[in-house]
Amino acid sequence: MISFLPTDEERAFVEVAGEFARNRLRESARDAEKARTPSDDVVSAAHDLGLLSLELPESLAGAELPLVSQVQVLEALAFGDLGIVQGMPGLCDSASVMRLLPHPERLELADGAAQRVPWIHVEPGEVAVIVERSGFRLEGVAFPRRSALGADQLLVSFLAPGGEAIVAWLDRTAAEWSEDAGDVRLGLLAAHIGRIGFEGTIVRPEDVLLRGDEAEQVIAGAKARVAVLEAAKCVGVMRASLEYTIEYTSQRKAFGQEIPKFQGVSFTVADMAIETEAARNLVWQAAHAVDSRGAEAMQDASRALAYALRSARFVTNQGVQMLGGAGYLQEYPVEKWMRDAQAQAVLYGKEMEWFERAGSRALGLAEKEGVLV
Amino acid sequence: MIDFELSPQQKQVRDMVHWFAEHEMRPISLLADKEERVPDEWLRKVNRMGITLSMSNFGGDAGKKEDDAPRKEPRERQANRLGVIAAEELAWGDPAIALSLPGPGLGGPPVMSTGTPEQKERFLGIFTREEPRWGAYALTEPGAGSDVSGIRTSAKKVDGGYVLNGHKVYITNGGRASWVVAFATVDPSLGRAGHRAFVVEKGTPGFTCTRVAHKMGLRASETAELVFEDCFVPIDNLLGGEAHYENRAGSSGFRVAMSTFDSTRPIVAAMAVGIARAAYEYTLEFVKQEYPRGQRVRHDVLAKLGEMDAKIHAARLLTWEAAWKADLGQPNAKEAAMCKAHAGRISLEVCADCLEIMGPIGLDGHLVEKLYRDVKVFDIFEGTNQIQHLIVARRLYEPHGLRL
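As given, the protein sequences belong to chains A and B, one line each in that order. For what it's worth, this note's numbering labels the leading residue of the first sequence as 1, then goes sequentially. For what it's worth, this note's numbering labels the leading residue of the second sequence as 1, then goes sequentially.
No lab work stands behind these hints: they were computed from the structure. C-beta atoms are modelled at their ideal positions from N, C-alpha and C, and glycine is treated no differently. A few of these clues could be false.
[Unchecked claim] Restraint ranges, calculated between C-beta atoms of paired labels, are given here:
no. : chain 1 : residue 1 : chain 2 : residue 2 : range
1   : B       : Glu-281   : A       : Ser-59    : 42 to 52 Å
2   : A       : Glu-9     : B       : Gly-365   : 51 to 61 Å
3   : A       : Asn-23    : B       : Gln-295   : 56 to 66 Å
4   : B       : Gly-145   : A       : Glu-64    : 48 to 58 Å
5   : B       : Asp-300   : A       : Pro-124   : 20 to 30 Å
6   : A       : Glu-27    : B       : Gln-295   : 48 to 58 Å
7   : A       : Gly-256   : B       : Leu-31    : 52 to 62 Å
8   : B       : Arg-77    : A       : Ala-61    : 41 to 51 Å
9   : B       : Leu-31    : A       : Gln-257   : 47 to 57 Å
[Unchecked claim] Incomplete in silico selection of chain B near chain A, CB under 10 Å:
no. : residue
10  : Val-297
11  : Glu-321
12  : Ala-337
With the rest of the complex left out, here is chain A (with noise of 0.2 Å):
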């Protein structure tokens, strides 16, 4: 039965992380952006809240919300700012394979929540996989991700040599990496982006959590399950960015009339908003597929994900354009946004790869969703 109606208790929850957003996320963003991390007040206040393990297992004290709802929640929250919402502990991709391991309570999270858990899935050509007699090395430096940086326990997975998927925990205390801050200017900049090399680092046989044909199903769920969760916060930020334009320009006069007046104003509006609509029932709709058949619904994850980056870029590069000159000082919030969005599209997009595999299934030639699809 179609429907956009989200329950009583998601709205409640909404009005929750929509509160703390306006107040706490965005009057913090700049600070934290400066600090490239957000505060720890802002961190525990939102802790409290629960905002930090809402895709956690209930087994690590998380409160394994359903994707339906968690997309309603981290929209509201990355409304207040995404880059914020990017550096928070607890809210990393590898929650969601946290949250579908058959035994996660075996893992023991160093601060609980609290935890910056960087998931490096070794994209192919990336990080070279070797076998060792006592498990596997690994040789190289992974690319920028988010929450890298300071992380003291890693997910890793990869495909060893011969083609078997691994899925694998790291800790500090027995196993080995470096971490590069490099440098990162465009945006996201509290989010923790950072490389981490490998130089011999060894996987254990006690390491490996999953492999094998195991290991490649929760390795295809988290993958959709990340697309939805990070689609969801563009709309978040397109949402903020649409918003204070329409403020904004409302406001603001020019040749003698409000400038929404002129249609080459509120007719630009007018498509930053109907993309931000479809962007979030798209989010909604794959939510909701997700929930229900898994890695199953790839397709509208990353439907979702493709279509909500582009419609981020779109959206928040339209709010600088709408407010002219003054978009594009920091003294105004659109900017950062813009940046914002577009570090998110780099770091989770190659939109137009999303939409080639997309195309490679409706045809039938991604016959099987394999872990490097």
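Chain A is already provided as a structure; the job is to place chain B on it using the hints.
Just chain B, lined up with the frame of chain A:
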């Protein structure tokens, strides 16, 4: 609860209409386009089957405001959702033929929402007969396209009724219709408050169809020009009766005209989605057959297909949202405009990209070429893309005290 699965009833409607579209519409699609008409025999057959693009069956009650009497039905209405689901499938079959299906058409909603019980009985009752019948909706004039408040067709009060004089254009099924809901003004200086809606019956002296237009697409659909020359319309044909216009604040006739769009725009958007999907699926099959096993499909082609899939889904969900709001009895003007604007735009893009993928071969007797010609008007009629943007922008700035 947020939900995107079709209910059993919705699935049933979709499957039934899809079957009809595939087995009854598609086979005559290219021929009807070529001959610029739908075969009479076919129309009689589908009339017997009871298939219609009837707004009063599928939708037609959007635009009701929240201050209307609260509803107490235990079951949620889903007429508008069923309407968009069915419209997508019918347009997938063939949009021109879909618009030619017997039934009250766009004339249905104003009769349903404003007509007196007698008028509803009299005008909607004819559609239960064995012979195909059509209704139509005559608003647009040569001098007043999107600015419908500027219509000039005059309605002069006389003893026992009104005398209409004026010229209407772009009227779907206007020539064959048994009656037309015609909008006229009793006094242009009153603006919207002067508008009246009449049901003018075929054969009324002074009411003629002067021309059936030739068009780029939707060729099988009849688009007529109508003229009223000292055309006397009895008072019983004033929609809602005299009291309706006296009792309600000022712009009632205009509101009748406009509220129709809140229920029909999602239908039109759904049709655009259906056309885009038809072109996409056709092209998908084409690519499958043109690229035999082992040959790689080019990356840009794959990406285009994926992009089309996303656009089509986005447009469909916006359409569902507008229809869902209408079913809940909530104002949906913004959502109706959004889905129409989005679907109108992307459907042309999708059809164009499909032609691009097919290349010159697509020009020659392929459905996609016809769909491309058909779909363009979905970005124009029922309010152009620009009008939709204006409506959306107005709603966005209204809360900030800015009137656009």
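Verification of the supplied hints:
no., hint, result
1, B:Glu-281 - A:Ser-59: 42 to 52 Å, "holds (44 Å)"
2, A:Glu-9 - B:Gly-365: 51 to 61 Å, "holds (56 Å)"
3, A:Asn-23 - B:Gln-295: 56 to 66 Å, "holds (58 Å)"
4, B:Gly-145 - A:Glu-64: 48 to 58 Å, "holds (55 Å)"
5, B:Asp-300 - A:Pro-124: 20 to 30 Å, "holds (21 Å)"
6, A:Glu-27 - B:Gln-295: 48 to 58 Å, "holds (57 Å)"
7, A:Gly-256 - B:Leu-31: 52 to 62 Å, "holds (58 Å)"
8, B:Arg-77 - A:Ala-61: 41 to 51 Å, "holds (44 Å)"
9, B:Leu-31 - A:Gln-257: 47 to 57 Å, "holds (54 Å)"
10, Val-297, "holds (7 Å)"
11, Glu-321, "holds (5 Å)"
12, Ala-337, "holds (8 Å)"
This entry satisfies every hint, going by the numbered hints stated previously.
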